[in-house]
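Visitor: Just so you know, the sequences run in chain order A and B. Each step along the first sequence adds one to the number in our numbering, with nothing skipped, and position 91 is 109. Each step along the second sequence adds one to the number in our numbering, with nothing skipped, and position 99 is 118.
In short, the hints are calculated from the structure, not lab data. Any given hint could turn out to be false.
Computed, partial: chain B to chain A, Cβ under 8 Å [said to hold, decoys possible]:
(1) A31
(2) S35
(3) V37
(4) Y96
(5) A103
(6) P108
(7) K110
(8) F119
(9) L121
(10) E130
(11) R132
(12) A133
(13) I134
(14) K142
(15) S143
This one's a predicted model, so the numbers in the text were calculated from it and none came from an experiment. Each residue gets a CB set at the ideal place from its N, CA and C atoms; glycine is no exception.
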Amino acid sequence: MWMKPADIIDLPRTHNNAATEILLRLYVTGRTESAARAIATLSTLQQELGAHKISVEIIDVLEDPIAAMNDDVYATPTVFRIKPGPIRRLFGNISSPEMVVAGLQLADNRD
Amino acid sequence: MKRILVIDDDDAVRDSFVAALECRDYVISSAGSGLAGLESAKSDRPDLVFLDLKMPGMNGVETLAKLRDCCPDVPVYIVTGFHAEFLEPLKELRARGAAFDLARKPLTLSEIRAIAASALSQKSEAVNVDEASRHH
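Pulled out of the complex, with its shape left as it was, chain A reads as follows (with noise of 0.2 Å):
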């Protein structure tokens, strides 16, 4: 579907914050509906387990194609659990947080 510019701009700013417990990294290609709805998703998990527990970090692959092959990206959208380890792999329809913590075994973390 067509999107506005604006809509495929703007990404949220990542944000990496060394100290939480995990971390996410969630690669897309702009805002396409599975890249929104994969976003929303994780922003929606992250207001659960608060932002102080878990941070995502958003790249742009069409950006930042460098980062998509060092982490082996095969196609957006794609998320990883960067920590804890070991890395751990998502890729597809994101669309819920119990997919994302099932998926990525976040489980032992959510409490």
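Using the hints, position chain B against chain A.
Guide: Quick look at chain B alone, frame taken from chain A:
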């Protein structure tokens, strides 16, 4: 059944997509050029498009721009190497309002299937990264 259109000038690449997807309840159409891909999309509207970026004649950027005229809401994965020089033209296309996702070339058969499942069946795939690396 969901319809997938693969547009790539490389026969082997098109064959790999067909091999990955043909047993998965999808109808697969393939086209060896941007022009042929557009004709295919106009006659049989796809539910998902895999589009090569670098093709002779009408390249992926031009093809996507025209594809959006006939199929504005179809999910499109542009398949390309993640190199800045390849991706630069896509920034301009995006600035003009075109939405698309990216997939890194080359894709494995399982990656192709995961993308199709995500786009068409709202599924997701989760793995430990070190396990994923062993399958490459």
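Visitor: Hint by hint, note whether the structure agrees.
Guide: Here's how the hints hold up against the structure:
| no. | hint | verdict |
| --- | --- | --- |
| 1 | A31 | violated, 18 Å |
| 2 | S35 | violated, 14 Å |
| 3 | V37 | violated, 18 Å |
| 4 | Y96 | holds, 7 Å |
| 5 | A103 | holds, 6 Å |
| 6 | P108 | violated, 10 Å |
| 7 | K110 | holds, 5 Å |
| 8 | F119 | holds, 6 Å |
| 9 | L121 | holds, 5 Å |
| 10 | E130 | holds, 5 Å |
| 11 | R132 | violated, 11 Å |
| 12 | A133 | holds, 6 Å |
| 13 | I134 | holds, 5 Å |
| 14 | K142 | holds, 6 Å |
| 15 | S143 | holds, 3 Å |
The structure does not agree with the numbered hints 1, 2, 3, 6 and 11 stated previously, though it agrees with the rest.
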